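Student: The listed protein sequences correspond, in order, to chains E and W.
Per my numbering, residue 1 is the first one in the first sequence, and the count goes up by one each step.
Per my numbering, residue 1 is the first one in the second sequence, and the count goes up by one each step.
Where hints are given, some of them may not hold.
Looking from chain E toward chain W, a few residues come up when the C-beta cut is under 7 Å (computed) [unchecked claim]:
id, residue
1, 140
2, 227
3, 463
Coverage of chain E stretches by chain W, computed from C-beta distances (three or more under 8 Å per stretch; other residues unrestricted) [claimed, not checked]:
id, region
4, 43-56
5, 107-119
6, 142-149
7, 328-341
8, 413-422
Covered by chain E, per the in silico footprint, the following chain W stretches (three or more residues, Cβ under 8 Å) [claimed, not checked]:
id, region
9, 54-60
10, 63-73
Derived from the structure by calculation, the hints contain no laboratory data.
Every value quoted in this text rests on a predicted model; they were computed, and no experiment measured them.
By construction, the Cβ of each residue, glycine as well, lies at the ideal position given by its N, Cα and C atoms.
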Amino acid sequence: MNAEKKEEKNSVSFGPAHPTTDVAAASPLARDLARLLTHEDVNRARDRWAVSRARSSERHSKIGGRLSLAWLLVGPGVLVFLAENDAPSMLSYSATGARFGIGFFIPFVVLTFAMGLVVQEMTVRLGAVTHRGHAELIFDRFGRFWGLFAMGDLVLGNFLTLVTEFIGIRAGLGFFGIRPILAVGVGLAVVSAAITTGRYWTWERITMGLAIFNGLFVPAALLARPPWGAVAHSLVTWTPLPHGKAFDILLLILADIGATVTPWMIFFQQSAVVDKGMQPLDIGPGRLDTLLGALLATVFAIAAILATSPLFHHGIDASQFQAAEFAQALEPWIGHAGATLFALGIFEAGIVAAIAISTSSAYAFGEVFGVGHSLNRPLREAWPFYSTLLGSAAAAAALVLIPHAPLVFIVLIVNVIAVLAMPPALAFLLLLVNDPEVMGEHVNGAWENAAAVTVTVLLICAGLGFGLATVFPTG
Amino acid sequence: MKPTGLETNPSAAEPEFERGQDSRRPPDLKDPRVVLSFLEADQVVAAKERTHFGRRNLSLGVRAMLWGLRLYVVVMLVLVIVSALRAFHLVP
C-alpha cells in the first residue's frame, strides 16, 4: 500500500472519540486504542471478519467458502447499476422502444453499459486501495478550486435526478390511483427507513432486495411477445437504423448514454466500496460484482425497450408519454398484468435510485466537510451525514408536489446534463487512477486507459453532436 | 506515512483461520486490538482523519485540459437550456 505517500495534516484533529464498549474503555491496555475507535471501525471489522472467514474456507477448497465470499462482497457494483436503471432511465428506454422499436438501440444500450463497466471498475480499485471517497480524493489531490467545480456538477446533477426519481415514484403509483402526496410520502418513508439501520451491511442488503425488482420489466417484456429473431438480428447488425429528425435521435442517444454513465455513479460506488471496507484483496470480487450489476442492468434496460416496442409497431405517438401513460398505453398489448408490472417497475426504479443518489450526495458532503460519513455510524454520531441524505431527498420530494413546477423540463434535461458533466468527471477519475502516489501498483494499465479515453472521447463527441444539432436545428 | 499512533494490520493480509479453529465464533470486538487486526492501517477512521494525500502538481497540459472541459460543460449547459426552451416554444 502506498500509505507512506500520504502527508500528515496537523490541522486535522481526531474529533469526538467513541469508546467501543465499556469493557474496552476500562482496560488500561486498551484505553488509548478504544478512545480512537468508532462504531464505524467496529462494524467494519465485523464485516472484515466475515470476509476473512469466507476467504479462509475458500483456501481450503470449499465451494461454500467461495459462494460465501461472493455473497459477502457483492453489493456496490450491483447496486450502482440497478440504481442507475432509475425512473428517467427506464423512461428513456421506454421512449426508445416506443419511437424506434427493435433495432439500432438494442446493441447501443449494450455498448453504453460496456462503457459504464469500464468507468465503474476504476472506482472499485480507487476505493479499495485508498479507503477514501471520490470527493475527498479530488479535494486532496487537486485542491479546493477544482474540487468545488466537481462538487458543483455533482450537486446539480444529483438534485435534478432526485427530482425525477420522485416524479417516477409519483407517476408509478399514480397508475394505481394513489394521490401524489401519498406516493411521494411513501417514497420518502422508504428512503428514511433504509438509513435507520446504523449498519452499511444491512442498508446494502435491504437496498439490493429492493433493487432486484428492477427485473419486473422482464415479465412485462415477455408479455409483449417480442420477435426474438429480430432482437438477435439487431444485436448482430445494429439495424434497422433509426429514422427521423437528427436532433430527436441525438437527444435519445444522449439520454440513453446518460441512463448508464453519470457522475453520481462514480462518487457512489467508490464511497460504497470504502464504507463496505473493501481492501486490495477484494478488487477481483469487486470487478465481478460490477460486471454482474452491468449484466443485470443491461437485461432489464433491453426488457424496457422490448416492453414498449408494441407502441412503435402500432404507430402510437409516445413522444409526450410519462410513466403512467406508458403503462396505460401498453395495456391493450401486454394486458393489465403487464401494465401493472411496468408501473411497479417505474416506482421501484425511482425508490432505489432515490436511496442511492441521496446517499451519494451525503457521502460527498461528509467527505468534503470532514464530518462522519458512513452508514456504519449511528444517527447520533453522524447526524450531518444523515441530515444531508434525508434533506436532499425531502427537498426533491417537495419540489415534485409544487403546482406548476417545471417537472417535464427537468425530466427532459436530466440525462442530457448527466452526459455533459461526465467528461470532466472522467478526467478527474483518470488522473486519480493513473496517479502512482495514490494507486501504487494498482494504476491503470495501457488497455484500461485506452478504453477509458475512448469512452471519454465518445461522450464528448455525443455532446458536441447534440450541441451542433441545437445550434443548427434543421441539420 | 508518518506514524498515526495506531498499531493496525499493516498489509492487505487478513488474519488466518487455522484448521480446527472455530471460525464460526464471532471475534471479541470489545477488544480494540481485535478490531484493529481486521483493518488496514489507513482504514481506521482516526487514521484517515489524521492523514491526507497531498496536493499534486498540475502540469500546464493538465490545467489546460481541466479548463477546456470546464468551458465545454458551461457552453453545453447553455445549449441544453436553449434547446429545452425551444422545446417549450419559448424561443424561436
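Student: Each of the hints needs a verdict: does it hold here or not?
Tutor: Outcome of the hint check:
Proximity of residue 140 of chain E to chain W holds as hinted, the smallest CB-CB distance being about 4 Å (cut-off 7 Å). Taken as an interface hint, residue 227 of chain E does not check out: its beta carbon lies about 33 Å from the nearest beta carbon of chain W, beyond 7 Å. Restraint check, residue 463 of chain E versus chain W: the minimum CB separation of about 5 Å is within 7 Å; hint holds. For a cut-off of 8 Å, the count of residues in the region 43-56 of chain E with a CB near a CB of chain W stands at 10, and the three-residue condition holds.
Coverage of the region 107-119 of chain E by chain W is violated. Counting CB-CB distances below 8 Å, 0 residues qualify, and the rule asks for three or more. Counting residues of the region 142-149 of chain E whose C-beta sits closer than 8 Å to any C-beta of chain W gives 4, which meets the bar of three, so the coverage hint holds. Requiring three or more residues with a Cβ within less than 8 Å of a Cβ of chain W, the coverage given for the region 328-341 of chain E is violated, as only 0 such residues are present. Counting residues of the region 413-422 of chain E whose beta carbon lies closer than 8 Å to any beta carbon of chain W gives 5, which reaches the threshold of three, so the coverage claim holds.
Beta-carbon proximity to chain E at under 8 Å applies to 4 residues in the region 54-60 of chain W; the threshold of 3 is reached and the given coverage holds. Here the region 63-73 of chain W counts 6 residues with a CB under 8 Å from a CB of chain E, which clears the bar of 3, and the coverage holds.
The structure fails to meet hints 2, 5, 7 from the earlier list, while all remaining hints are met.
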